[in-house]
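These are the residues of each chain, in order.
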Amino acid sequence: MNWKVAGQAGEGIAVTGTIFAKTCIRHGLWSFAYGEYPSLIRGGHNTMQVSASTNPVSCQQKLLDVMVALNEDAIALHLDEFTKKTVIIVDKKNTKLNWEKYALSSTIFDLPMHAISLETTGSSLAENMVALGASCALLGLDLAVLKDVIKDAFHKKGEAVVAKDESAAEKGYAYTKEQGLARAETIAPHPNNQILLSGNDAIGLGALAAGVQFYAAYPMTPTSSILHFMAENETRFPLVVKHAEDEISAINQAIGASYAGVRAMVGTSGGGFALMVEAVSLAGIAETPLVVVEGQRPGPATGLPTWTCQADLQFVMRAGHGEFPKVVLAPGDIEECFSIARLAFVLAEKFHTQVFILGDKYVLESAQSIVRPAEDWTNTRYSLAQETLPEDNSYKRFAVTPEGFSPRSLPGQPHGLQLTNSYEHDEHGYATEDGAMTKAMVEKRLRKIDAILPFIPKPQLLGPQDAEITFVEWGSTKLVIQEVLRQLNTTHPNTANAIHLHGLMPFPADAFAELAKRAKRLVMIEGNATRQCEMYIREQTGITMRERINRYDGRPFFAEDIVDWVENQKKETKTL
Amino acid sequence: MNTLSDISLHTSIFPTWCPGCGDFGIWGAIKKALTELAIPEEQLVIVFDIGCSGNMADFLRVYGFHSLHGRSVPIAEGIKMANHGLKVLVIGGDGGIYGEGMGHFIAACRGNHDITLLVHNNQTYGLTKGQASPTTTKGVKTSSTPNGLIENPVNPVALALSAQASWIGRSYAGDILYTTEMIKKAIMHTGFSLLDVFQPCVTFNKLNTHQWFQQKIYKLESEGYLSNDPAKAWALSNQEDRLPIGLFYENPDAVPYHKQLQQLSDKPLVQQFPTHVSLKAVFGEYA
Ligand SMILES: Cc1ncc(C[n+]2csc(CCOP(=O)(O)OP(=O)(O)O)c2C)c(N)n1
Ligand code: SF4
Numbered sequence: 000m001n002w003k004v005a006g007q008a009g010e011g012i013a014v015t016g017t018i019f020a021k022t023c024i025r026h027g028l029w030s031f032a033y034g035e036y037p038s039l040i041r042g043g044h045n046t047m048q049v050s051a052s053t054n055p056v057s058c059q060q061k062l063l064d065v066m067v068a069l070n071e072d073a074i075a076l077h078l079d080e081f082t083k084k085t086v087i088i089v090d091k092k093n094t095k096l097n098w099e100k101y102a103l104s105s106t107i108f109d110l111p112m113h114a115i116s117l118e119t120t121g122s123s124l125a126e127n128m129v130a131l132g133a134s135c136a137l138l139g140l141d142l143a144v145l146k147d148v149i150k151d152a153f154h155k156k157g158e159a160v161v162a163k164d165e166s167a168a169e170k171g172y173a174y175t176k177e178q179g180l181a182r183a184e185t186i187a188p189h190p191n192n193q194i195l196l197s198g199n200d201a202i203g204l205g206a207l208a209a210g211v212q213f214y215a216a217y218p219m220t221p222t223s224s225i226l227h228f229m230a231e232n233e234t235r236f237p238l239v240v241k242h243a244e245d246e247i248s249a250i251n252q253a254i255g256a257s258y259a260g261v262r263a264m265v266g267t268s269g270g271g272f273a274l275m276v277e278a279v280s281l282a283g284i285a286e287t288p289l290v291v292v293e294g295q296r297p298g299p300a301t302g303l304p305t306w307t308c309q310a311d312l313q314f315v316m317r318a319g320h321g322e323f324p325k326v327v328l329a330p331g332d333i334e335e336c337f338s339i340a341r342l343a344f345v346l347a348e349k350f351h352t353q354v355f356i357l358g359d360k361y362v363l364e365s366a367q368s369i370v371r372p373a374e375d376w377t378n379t380r381y382s383l384a385q386e387t388l389p390e391d392n393s394y395k396r397f398a399v400t401p402e403g404f405s406p407r408s409l410p411g412q413p414h415g416l417q418l419t420n421s422y423e424h425d426e427h428g429y430a431t432e433d434g435a436m437t438k439a440m441v442e443k444r445l446r447k448i449d450a451i452l453p454f455i456p457k458p459q460l461l462g463p464q465d466a467e468i469t470f471v472e473w474g475s476t477k478l479v480i481q482e483v484l485r486q487l488n489t490t491h492p493n494t495a496n497a498i499h500l501h502g503l504m505p506f507p508a509d510a511f512a513e514l515a516k517r518a519k520r521l522v523m524i525e526g527n528a529t530r531q532c533e534m535y536i537r538e539q540t541g542i543t544m545r546e547r548i549n550r551y552d553g554r555p556f557f558a559e560d561i562v563d564w565v566e567n568q569k570k571e572t573k574t575l
Numbered sequence: 000m001n002t003l004s005d006i007s008l009h010t011s012i013f014p015t016w017c018p019g020c021g022d023f024g025i026w027g028a029i030k031k032a033l034t035e036l037a038i039p040e041e042q043l044v045i046v047f048d049i050g051c052s053g054n055m056a057d058f059l060r061v062y063g064f065h066s067l068h069g070r071s072v073p074i075a076e077g078i079k080m081a082n083h084g085l086k087v088l089v090i091g092g093d094g095g096i097y098g099e100g101m102g103h104f105i106a107a108c109r110g111n112h113d114i115t116l117l118v119h120n121n122q123t124y125g126l127t128k129g130q131a132s133p134t135t136t137k138g139v140k141t142s143s144t145p146n147g148l149i150e151n152p153v154n155p156v157a158l159a160l161s162a163q164a165s166w167i168g169r170s171y172a173g174d175i176l177y178t179t180e181m182i183k184k185a186i187m188h189t190g191f192s193l194l195d196v197f198q199p200c201v202t203f204n205k206l207n208t209h210q211w212f213q214q215k216i217y218k219l220e221s222e223g224y225l226s227n228d229p230a231k232a233w234a235l236s237n238q239e240d241r242l243p244i245g246l247f248y249e250n251p252d253a254v255p256y257h258k259q260l261q262q263l264s265d266k267p268l269v270q271q272f273p274t275h276v277s278l279k280a281v282f283g284e285y286a
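In the order they appear, the protein sequences are chains Y and R.
Counting from 0, one number per residue, gives the positions in the first sequence under numbering that gives the first Met the number 0.
Counting from 0, one number per residue, gives the positions in the second sequence under numbering that gives the first Met the number 0.
Isolated chain R, as found in the complex (with noise of 0.2 Å):
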């Protein structure tokens, strides 16, 4: 049996990301986590949204999907709920999963699908060159929005936490060690676990910078957070001096989707292929 690790994990195909791009990080961080949690090789699935984040896909060798954009989610929750023995992970930006598949990822966080939605969050646009996305600062100004950007950015802490996410975190792209940990975390949470990093576009975000993120976070274990309370998670994602990075929320009683079904107590779907079916009980209805 092949675990994942940083060799079976290797593709030929080297990251064409822009030098200095959050998502070298992010990607060392998946890695890592990975590696580390020693998971078999063909037991995990990871989704791949459309951006510069989902082109990943290219750089990690696993069971891969690389969807469309937005639509990530609900195809890792038709994988988990097709195969529940599979751990799936999908990973997207901002653009794909707060605005093209907003819908999705509420619904996703209701229905507490047990996946884990990692989400560059860089703020922008990258792959089609630095338009505004849904978490963008009010005002800013960028080729889709010159005169400054009219609407007020989305906030996914807060949007998982009124949607009921089972798990919410926070990390930072630059911080390849705690982002390792967090992933690890999300990853083991049996539940809808949705870690949002922040990761700096060097290229078409001139705000929300490396330095500027470095000014900012802070970790919210170090002040003493208890990860068990929605209204205090609620005040602190709307923190805007400084930005909390950690643990959010956890709510490890919530019972995931598929274990919610009678039909998968016993085994995963897949494996419950109907080589012989009797239609006998559904026929009398007819007569």
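The shape of chain Y in the complex, shown without the other chains (with noise of 0.2 Å):
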């Protein structure tokens, strides 16, 4: 079922859709919720959407069941969304539109919102509970789950806002019933063992699950909610978060951090990124564990700041001056998004490195639902000095060694002196400008990238072994790409299969070029203009892609328009 709130921001758009989801996922549903907002407070077109079903669902879809419009924009704006089964839910007496302007063939269910909401509970703020009940009642959802998800949404606020919330949603469910629009056919919920959540709360769980201890960042959409939930847990676990004062401040105090032994994580979009594109250099020349989170919205500048894309791959790989090896992961989907987390954590530590966790607004603030991860997680340290140092300080932090890092000692630690330096230096940290030195140092530092290939996620196959097309996509588009291959291959199957690149620094080139060989058509999708990703697997690969299919407008794909475009070029095959 794919289900929609769409109004102005500052109506609790994307709290109705999260009670939306959870429900769905209380029922045993899986579910995924994508929210479309501008970088306005109130005013503005806000949407949330939510999809449903007893199979997988990993993206949004565009036709919809159920609408639930709460102004002439949430109607207007969507038209290419609506089919005869849609209901659109609408407050006629409050929402005036002229209904012949749009030859709508949806059903228009209208829902007085309003005056339930002011008759159960004296003000307005209930419409959207309203909305839920009816919602429940149209599609076969049980009022009491909704019940459940509403006084846990807000037990905060008080058992007096609980109730009257409940009782505009009962009040919503029996005016629908009343109407005869309620689904026949009940979906029972089912006792299961999912969570929703978005790409940025899984990145926090991963990070917990890794045991940071110190978080730093400037707020910036799409990762501040990383910011507020870091913010929310520091007493719940031994963590320090900050909010610098900038992203310079940010950076350099997770190095700090670091260097003094915590594991350090920042977050920030590409403009914080670039004001600490300095100190990723520092981290490269010193050494310092270090996960770093850069969640894509379209640039140039400000950009679109509450949108998505995939354009900041090359700045990101290339980030820093100097040359010293990076790590560079980007989550595909939730899943992946607390697993690599957690991974980014481990291989910072192992090879005293910076990991890069590329996300973009898509994955970061959609929230899907997944199997609960393990509750319980055990770590372990990594690449220390040996706990009682030799007396004689002949102890060296940055020797040279075959796999190009050298076990770390903390201040505290007694023996352990060293001088971490911005400078290039001899093995002891010391300032040096000696040719031969600064080689073995630049070659040490740079042997890391051969350790580190082994640990890197290998490219994934989606769908069958063998198929018409392979589409190669990198990060958020896996999402799309999963209903991409359902859709095709139900039909017709073997239509088409998928690469997916999760792991992208250093690239797995001999994974990908396995997989590539086998294909009979690549067709590269990716969310910039300049083909970032394309271009990289040439490089590193030699492997040229003839089609592709970029976006960059600032809206994630949509599976419609990919199978659209994979029908056309049948089409045109067959013309020819």
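If you are wondering where the hints come from, they were derived from the structure by calculation, not from laboratory data.
Careful, some of the hints might be misleading.
As the list claims (entries may be wrong) - Derived DSS-like pairs: lysine-lysine, alpha-carbon spacing no greater than 25 Å straight-line:
#1 R:Lys279 <-> Y:Lys156
#2 Y:Lys92 <-> Y:Lys156
#3 R:Lys279 <-> Y:Lys395
#4 Y:Lys155 <-> R:Lys279
#5 R:Lys183 <-> R:Lys137
#6 Y:Lys150 <-> R:Lys279
#7 Y:Lys395 <-> Y:Lys457
These two chains come separately, so use the hints to put the complex back together.
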């Protein structure tokens, strides 16, 4: 089922959507919640849509079963999402519009949200609850489950608020039944082990599971909610969270904390990351472990703050002056956000390097139901100097080793004195301008790349082994491509499969080439205009792709559009 | 256990500063102060900024971090938050601390991070060969201001006061014993301490020379000054005919940053590595 709510910013659209998604999950349905909103606090058009199904769902769908329309834009801007089967919930008394203008074939369900809200709660604030009750009736969802979710969402506001919201939902449900619109077959709630996480939540949880102890950031969409998540958990875990005076400070504080021995992470978006870049280079030569989350949004500059893109790949891979190793991982869905966050801390600490989690608004702010990850996690420390160091002070922090990294002493540790240096340095850390030492240090650091490569997630083949078309995508496009494959292969098996890339740097070139070799027709899909990943693959493997789909209007891909692309291609081939 | 001493602090690299540079005096005072404080050698971290001053990184054997130009302060804050058991000292120049890193300086004062910030204030950029710095006197001709500097200088003491730093002192590199005492007090203060040290740059600053300072400076305590009144401290920090050195202001009641974090009340963060993590409490909110 596909459900959507649309209205003005400030009308509680996101909360309403989350309540609906959780209600679906508690029925045992897989859910995906996707929101669009402008960079404004009030006014402007906001939407949140939830796809739910008994089968796994990984993205939003264009065609709607139910639209809760809180204003005229909720209809006018969404005409291509309505079909004959769509039910549009609207309060006709409150939303005056010229119906003829739209020539809708959908069912218009006139729900007096405003009047019911006023009557049951004394204010208009519970209109959304009325709509949620009505939505449950329309789709055959259990009212008791909805009420439970409402209770959990608002219990902090007190019993009185919960009671009012519940009764508004009840009235909405009852009204729908009275109108004879309730769905006859109901969906029975199923106890299950799913939770609804956004990518940001999942990264936060993965980081906690990995033993993060220091998080510093300066707020910026789309990663601000990692800061909120971390701050919320600051006293539950041995964790310090710092909203720093700017991104430069945030990353330098994290480098300091990491030097002192705790696992540290920062989060930002392109503009904030630009400010961090000098320190990225510092951590490179200082060999300080660090995890950096870069949530992409369209640029240049302030760009489209609340929309999505995949246009910072080359920027992040090349960030920092000088040459030093870096790890870039791009989670493709919510589960990967969790697992990659955990992996990131291990790699950072093991190899004394920086690991970038390259997300985007789409995967970071969308929410997906996933099987609850394990609750208990164990962590070990890596690549630290032995506890008792020789008393003759012979320990060398930057010893030139075959694997490229050298055991690290921590301040406070006797006989481990060392200088961590932004200047090129000798094995103790003291500055050097010696040519041979410089060369040895450059090579030592770059040797880590080979050591890291086996730990980089391999490209994943999604869909059937053999197919007519093999899509190549990276990061969040996995969410959409899974749906594309489902749709294409259901009607015609083996139409398409996909190579999903989440380990990008160092690039698992052999594994990619292996998969690419078997493909009949490679089609690159990515969310940027300059073919950044396609060019990178060419550089790393020599493989040239001849077909591509690029999107750079701030919107995520929609499965329907890619399916249409394939269908149109087929038609074109026939006419040729 | 080895405590810091002249011998323990020794590295095989001899300072590359110009003969007569004020940095030698500060270096001597730091070594003397650390020796007298008898801190275990592994319990101190010094974060160095980039500049002639920061080059001291190679001349002191300590746990050190030679950071970026202007970024030494946030590195030091991060170290302190991760392990508040350490003493953390920052060495930087007026260019790095009051110019490139001005925002960090103010934030560190406001946060009352328990670190000591020692600024070699030579009123010029030493390492890049004598351009105007944030503390250069208006009108002075330098290689970057051949027609005379247009801006007014910043007043570090007044800035720190307005940002509510809890310990603000000033010294003069030519007086090693006095500087030693000031460094000791600054390090022993719990909370943020700024020690601005007049440091003649013999090569590039022909105005603020040793002789110039010696004619103008006097010690605050010699005139019965008490260091508890921000308004008086403000007034004195603006004196130009005579230049007071000593403790301008101290607020012994200000609680340092790390003591306001309940998760650090038992032990330093670094000693609380999460070997076992349970996410149970967090998952509840997402079901
Ligand atoms: C980001 C950056 N900009 C510029 C420089 C070049 N630089 C090195 S030291 C310095 C100024 C030094 O002046 P100051 O901080 O007062 O220290 P001093 O050398 O006088 O002790 C500059 C501009 C740099 N290293 N990094
Ligand atoms: S240039 Fe100035 S500050 Fe630098 S070493 Fe020489 S005298 Fe000292």
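For each hint, the structure was consulted:
| no. | hint | in the structure |
| --- | --- | --- |
| 1 | R:Lys279 <-> Y:Lys156 | holds, 23 Å |
| 2 | Y:Lys92 <-> Y:Lys156 | violated, 30 Å |
| 3 | R:Lys279 <-> Y:Lys395 | violated, 41 Å |
| 4 | Y:Lys155 <-> R:Lys279 | holds, 20 Å |
| 5 | R:Lys183 <-> R:Lys137 | violated, 33 Å |
| 6 | Y:Lys150 <-> R:Lys279 | holds, 20 Å |
| 7 | Y:Lys395 <-> Y:Lys457 | violated, 35 Å |
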